[in-house]
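2 protein chains.
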Amino acid sequence: MTEVHIIGAGETKFGELWDRSLRELAVEAGLRAIEDAGIYSRDIGILYGSNTLAGSLNWQNDIGSLLADFSGIASAGIPAIRVESSTSSGASAIREAYLAIRSGEYDVAMVGGVEKMTDIYGSEILDVVSTTLDREWESFFGGTAAAMAAITARKYMHDFNVEKEALAAFSVNDHANASKNPNAHYRSKITLETAMKSTKVAEPLNIMDCSPVSDGGAALILASDKFAKSVGKEGVVIKSSAISQDYLALHSRDSLYTINSTVRAGRTAFEKAGIKKSDISFMELHNSYSIYGLLEIEDLGFAEKGKASDFVMDDISLTSPLPINPSGGLKAKGNPMGATGVGQAVEAYLQMKGKAKERQIKEPKYGLIHSISGTGSTSVVHIIGGE
Amino acid sequence: MTEVHIIGAGETKFGELWDRSLRELAVEAGLRAIEDAGIYSRDIGILYGSNTLAGSLNWQNDIGSLLADFSGIASAGIPAIRVESSTSSGASAIREAYLAIRSGEYDVAMVGGVEKMTDIYGSEILDVVSTTLDREWESFFGGTAAAMAAITARKYMHDFNVEKEALAAFSVNDHANASKNPNAHYRSKITLETAMKSTKVAEPLNIMDCSPVSDGGAALILASDKFAKSVGKEGVVIKSSAISQDYLALHSRDSLYTINSTVRAGRTAFEKAGIKKSDISFMELHNSYSIYGLLEIEDLGFAEKGKASDFVMDDISLTSPLPINPSGGLKAKGNPMGATGVGQAVEAYLQMKGKAKERQIKEPKYGLIHSISGTGSTSVVHIIGGE
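Protein chains in written order, with our numbering: chain B, 3 to 389; chain L, 3 to 389.
If you're looking for bench data, these hints aren't it; they were derived computationally from the structure.
Among the hints, a few may not be true.
Note: identical chains are not told apart, hence a pair may lie in one copy or across any two.
[What the hints assert, rightly or not] Here are the computed lysine to aspartate or glutamate pairs in the DMTMM-like style, where the Cα-Cα straight-line distance is at most 25 Å:
| # | residue 1 | residue 2 |
| --- | --- | --- |
| 1 | Lys15 | Glu138 |
| 2 | Lys274 | Asp45 |
| 3 | Lys228 | Glu5 |
| 4 | Lys182 | Glu365 |
| 5 | Lys274 | Asp227 |
| 6 | Lys228 | Glu37 |
| 7 | Lys199 | Asp316 |
I would like the entire structure built from these sequences, with the hints used as guidance.
What follows is the structure, encoded as structure tokens:
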């Protein structure tokens, strides 16, 4: 069975892009990925569009067709469908593209993730983002994504005697790395003090614990052994791909602060890759809220439950033994939902290819990319690198 | 590489189901499919949720997680993602499940399609359904799905001198078949005269040319050779699966009445299956509007362009050489969008297994299932049957 290679990647700047539309963002990212791969658009076998909210927010469904149309591949008959799994849509779309190539049906698959979140009046975005929770049991009663994260954070901090500094430190690291990423939503460094004193959103979470409302697009070109060889393209191998699941509603889970889907997907990803945790050179984690960054470090097996704070407070910077979120992460690079997971993979690809410039990690061996949907119902883990 | 077998199928009644929620409909269909397959839910490797409108209409995204949660498979870690390609979401989800099994990653995949369209005030459904068109160039200017179909119908009838009777006859056949389907939305037979005289929606289309606003759920269990053999289950083989694409906006297409995506997907499906058109015993076509039924007969190669009216006016009933829409079709069985394509496959499976009771077609050899998204941007064709 063929390996799957990332042979091209591209993204737009993430941010409040008032003058750019959903389709423009998608096309810009897509064309950059095609150019980076050095292929023709007609080489693409299938397009997976990743988008979370456009049906609720931009009044546009059939995002696959929209992307195929405006990137100029529709008339060639190149099929396009949308994959949605809330905030892990991008990672799920990468996985579908991976399976499509592994099935032997396609040699080249494109993944295009996009979200246009600022086309809405003020606080209405809260309602729209709440469509990723359980509508009947959570959001209908006023539950928001931030409120759910806050419940988890409070219980976690209480049970393990964790101070708020550890959460804030995760965001501080994100901002430090984003200051070196020209595509990041926020390029300003922040201090622990700024983060701690920022506006409260849902106690104990401040605004500096919460990823922003971003617009953006990101795209990848995946290819089979055969195609990668035929175009003489040395890409980066997707060493393993894993996905797992837990209940949608937080109250149904075994634990408020162990993300079972992450535990399972992480375990499977390492088993499939046949590598050790110490082989991982960097991780892109899904800190839609800072608390999730800490939980994921634990649930992926890099710290004991309740101990991620030591890990984070110690050192997770670009020069540490295990840098986290070199891109700037969801907090500072930004979180345009459908594009987020694809953007994480764009960063991991750049790092592995030694193209991450100012934020380049020294000689990375393997990179780990992790996304969760909402509060953790779906988790997707990809490990890239190696042979 | 393994063949993919349909080993179980189930669906709810389609209709205006005021007392049933989105999740209830999905679970009911899913449990029926699992029961029909005679498997345990823990045997499922992955769940593909098909849904088109819930983000816009029910304020619920992450339909994959919702379905996994409420069907009781989430806690086992069985991953679930949503596939959306407008009105062809169900067919696209079947194709993703097919690829997932072909990739060797999964032995059993479940496809669950659901839509709850009646949870909205009156005519607002028009706006929601219009999210499947090009928002910026079609629906923003007032274009509706019916209006687009009417433009196509008018041009087609003019250019080929086709009378309205042929369109009406397609719907009459649907209602005749649906009268024998206990799960159909409308079980009343109608006459050509009734259809011709029904309320105008968008000239030349009457209400009897338009599929209704339906609630419903449908589910399939697909399995690899290995799994099907291990449980001693003789399913129905998916002989071929094909998907193709055209522009999203109708005005960008080469022709108003040739659906290029259908031409291409149909051709590929027959090539892959290695069978002749005359081997097809029945077809489930996507008549969201009656005109599309006629165009699809032509674009799949069963009549010359402009000549489907002869084909339809001749005989497409259950006892004809090539029965169309034995289920009752989108017009009379109903069109709960995310469930529609899955429901078409449920019918095809029942027909192949000889379980379609009153509407059973005599000794079917192969069945063809066809879905389009919106006005035809994506087309998906599956041929089932044979070895």
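Verification of the hints:
For the homomeric pair lysine 15 and glutamate 138, the shortest alpha-carbon distance between copies (23 Å) is at most 25 Å, but the shortest distance inside one copy (35 Å) is not. For the homomeric pair lysine 274 and aspartate 45, the shortest alpha-carbon distance between copies (20 Å) is at most 25 Å, but the shortest distance inside one copy (29 Å) is not. Proximity of lysine 228 to glutamate 5 under the C-alpha cut-off of 25 Å is found in both arrangements, the shortest distances being 9 Å within a copy and 23 Å between copies. In the homo-oligomer, the alpha carbons of lysine 182 and glutamate 365 lie at most 25 Å apart inside one protomer (18 Å), although the nearest pairing across protomers, at 67 Å, exceeds that limit.
With identical chains, the CA atoms of lysine 274 and aspartate 227 are at most 25 Å apart both within one copy (18 Å) and between copies (23 Å). For a Cα distance limit of 25 Å, the shortest separation of lysine 228 from glutamate 37 inside one copy, 20 Å, qualifies, whereas the shortest one across copies, 42 Å, does not. For a Cα distance limit of 25 Å, the shortest separation of lysine 199 from aspartate 316 inside one copy, 21 Å, qualifies, whereas the shortest one across copies, 77 Å, does not.
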